[in-house]
Structures are given as structure tokens and as C-alpha cells.
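Asker: In case you want the letters, here they are:
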Amino acid sequence: NAGVTQTPKFRVLKTGQSMTLLCAQDMNHEYMYWYRQDPGMGLRLIHYSVGEGTTAKGEVPDGYNVSRLKKQNFLLGLESAAPSQTSVYFCASSYPPRSGSVETQYFGPGTRLLVL
Amino acid sequence: SQQGEEDPQALSIQEGENATMNCSYKTSINNLQWYRQNSGRGLVHLILIRSNEREKHSGRLRVTLDTSKKSSSLLITASRAADTASYFCATAPNSGYSTLTFGKGTMLLVSP
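Chains as they are written, first to last, in our numbering: chain A, 1 to 116; chain B, 1 to 112.
Think of the hints as simulated: they come from the structure by calculation, not from any bench. Hints are not guaranteed to be accurate.
[Said to hold, decoys possible] Some but not every residue of chain A turned toward chain B, in silico, with C-beta under 10 Å:
| no. | residue |
| --- | --- |
| 1 | V4 |
| 2 | Q6 |
| 3 | Y33 |
| 4 | Q37 |
| 5 | G40 |
| 6 | A56 |
| 7 | G58 |
| 8 | E59 |
| 9 | Y64 |
| 10 | P97 |
| 11 | V102 |
| 12 | E103 |
| 13 | Q105 |
| 14 | Y106 |
| 15 | F107 |
| 16 | G110 |
[Stated by the list, open to error] In silico lysine-lysine, DSSO-like type, Cα no more than 30 Å apart, as pairs:
| no. | chain 1 | residue 1 | chain 2 | residue 2 |
| --- | --- | --- | --- | --- |
| 17 | A | K71 | B | K70 |
| 18 | B | K56 | B | K26 |
| 19 | B | K56 | B | K104 |
| 20 | B | K70 | B | K26 |
| 21 | A | K70 | A | K57 |
| 22 | A | K71 | A | K9 |
| 23 | B | K104 | A | K9 |
| 24 | A | K71 | A | K57 |
| 25 | A | K57 | B | K26 |
| 26 | B | K56 | B | K70 |
| 27 | B | K104 | A | K14 |
| 28 | B | K56 | B | K69 |
| 29 | A | K14 | A | K57 |
| 30 | A | K14 | B | K69 |
| 31 | B | K69 | B | K104 |
Using N, Cα and C, we set each Cβ at its ideal position, and we do this for glycine too.
So here's chain B without its partners, still in its complex pose (with noise of 0.2 Å):
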């Protein structure tokens, strides 16, 4: 079963815009990263946040989790077209676990 659940499903959002997405999860993580799918291609790794940190910065991505509401964010600031993509959360389990759980991700589609 899946652990990660994206909101909103699906974004639609002009260039320039900011991108604000969500993830929520049941049980204890030990990290929790987000992915981004163009379509048709593979899984890129975008960033990675561990259960101590409460925020973290690449680039134009902002992540923030909140283990106490098991929920994370992933803001993308000043969309681009080459933005739209599929972004998926997974979730690590405490230690001693070798394998990710996906969410069923968001669909962004940035209009120019």
C-alpha cells in the first residue's frame, strides 16, 4: 500500500507563478525525498529531507516537513514551461528498511 499521498492531484499554474505541492504519509520516516517525472521518462531525484530537518532549499525547490502532522511540501518558485512535469514524494521508514514508498504524485502543468 502506498504510504506517500500527493495533493493537489493535478496543477495547472501560468509561468512565473509559484507551484505549491503537498505530500502526507501514515507511519514513521526516516527521510523523505521528491522526484520529478517528465513524461514519458524516468524518476529524477530532486531533493531529499531528513526527519530532523524542517526545511531545506535547492535552487528554486523549497521542501519542508513536518513530522509531527507526517506532511511535506514541495514549493517550486517562479514556474517555468520546463517545470511541468509529474512530481512524486516517497518515504523512507525508519531504520533498517532498504526500499521507498511512492505516492501517486501531482501533475504540474506550467502554461507560458
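Chain A on its own, in the form it takes in the complex (with noise of 0.2 Å):
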């Protein structure tokens, strides 16, 4: 099993211009999300999604877009980069949850993301 890949691993883009990221698991997992990490901080959580089709605003959603069309992926849009956006972006899927609240998360290596 992969795990959680991500694609593309860097990647440099220039104020205004457009990306998307790919994530995907081949876990079988219900529930996806997508974090970024800036230095000296932890994991934020820009959307997530809790099954196929379905998509939810975490804590810092402005800028993003998301889309779920495949259980197995999860894609994150930047429509208008700005350098604000310059981070590492994370990918993370797991079950849904078995006793009231979500269990373990599985990442994948990341995105380095470089907005100029």
C-alpha cells in the first residue's frame, strides 16, 4: 500500500497564478483533509471532507477551494496565489470515527509550496 501520496512534492508559483494539489489514499478512508504548516507552528486545517462528494471549512479556508469527486482523492485549488499562501501543505485521511470522536490520521510527505 501507498498510504497517502501527494502530488506535486515543490513547486514554485508567481502571485496570480493558479495550482492544484492531489491528494490521495488507498486506505479506503471516509474522511480527508488538508492542513498547512507554517514555521514555529503547528498543523492548520483549511478544509476537509467527510466522504465522497462532501466538503467542509476548517479554520483557515480563505483562498482555497476543495473538491472530493473520488473517495480515494482529495484535490486543493489555489485560485490566485498570494505569498501569504508560501507554506507546507498536508494531506491526512482516516476512518470515520468508532467512539464519538476522529482516531488516527494518516499524512503524506507534503507539498512545498513557494508563492513569489
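Taking the hints as your guide, dock the two standalone chains into a single complex.
Answerer: Set out below in C-alpha cells:
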């Protein structure tokens, strides 16, 4: 099993450009998440999905859009990149809660994005 | 806003010593999890402790949870250079929530 994979690993954008980050998981997880990690910070949730065709906003959703057309894929889009979106982006997936709340999340290796 | 706050922010020890990291949180939780992140890599789940548990062990890891103080600690015994990483606590709220809230992490350096 590949687990959670992310494409691309690294990208440089100019301000105003758009791009899509792809996350794929082969563990048949219902839940998928997009986080960003900035220096000295923990992970902040951007958007998440609790199933195919559903998405919800996290803590820092502005400037991002997501889509979950297939259960195994979760796409993160930046329509008009800004320097403030320079960050490392992590995707994660998990099973639905089995005892009232979310449990283990499995993370991808990350995508480093630099916006000039 | 972040729920969990780790302490200390950074910790430097010698191989063979024990490392203790603490996490404090603000609201009621269903469970608390600890993750490790090696430099430039994704997070890896280490251990989960539920709100009705007080202590849990996994190999060289020992986690305690004190819900009355809203705090948890992660103890790594007999540290190795390979334990050098950042460690994050993450809290799962009480029932009905689908997301975790991560702290800012403790950076652990284990010197040979």
C-alpha cells in the first residue's frame, strides 16, 4: 500500500497564478483533510471531507477551494496564489469516528509551495 | 485557534536520557493523540489516549492524561538519536466532531 500520496512535492508559483494539489489514498478512508504548516506553527486545518462529494471549511479556508469527486482523491485548489500562501501543505486521511470522535490520521509527505 | 500547547518548545538531551514533553488543552476532549514529524516529512501517529484512560504505554513511549488539569505528557525513555524530531499533540473534541486540533509542537534533539 502506498498510503497517502501527494502531488507535486514542490512547486513555485508567481502571485496570481493558480494550481491544484492532489492527494490520493489507498486505504479506503472516508475522511480526508488538508492542512498547512508554517514555521514555528502546528498544523492548521484548511478544508476537510467526510465522504465523497462532501467538503467543509476548517480553521483557515480563505483563498482555497477543494473537491472530493472520488473517495480516494481530495484536491486542494488555489485560484489566485498570494505570498501568504507560501507554506508546506499536508493531506491526511482517516476512518470515520468509531467511539465518538476522530481517531488516527494518516499523513502524506507534504507539498512545499513557494509563492513569489 | 490551537487547542493544544506543547511545552517545552525545544528540548535537547543526550542519547540514553529520558525526554518528557507536555501538552495542555482548553476544552473537553474525547481523545488526545501524539504525532512525530521528522524533518521534511509528514506526521506519523504515535499513540492515542482516551479521556477515560490515565496512562498508556507503547514500547519506549509512555503517555499520561489528566483531564482535571487538561494536560498530557509524553515520555520517551532511553532516547536514541533517531528520536530526533518534532512531537505534536492533537486533541479530538467530544462526540460529533470530525477534526483534530494540533499544537505547535516540541522539537526534540537527541545527541549521540
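Asker: What are the numbers of the hints that this structure violates, sorted from low to high?
Answerer: Violated hints: 9, 17, 30; rest satisfied.
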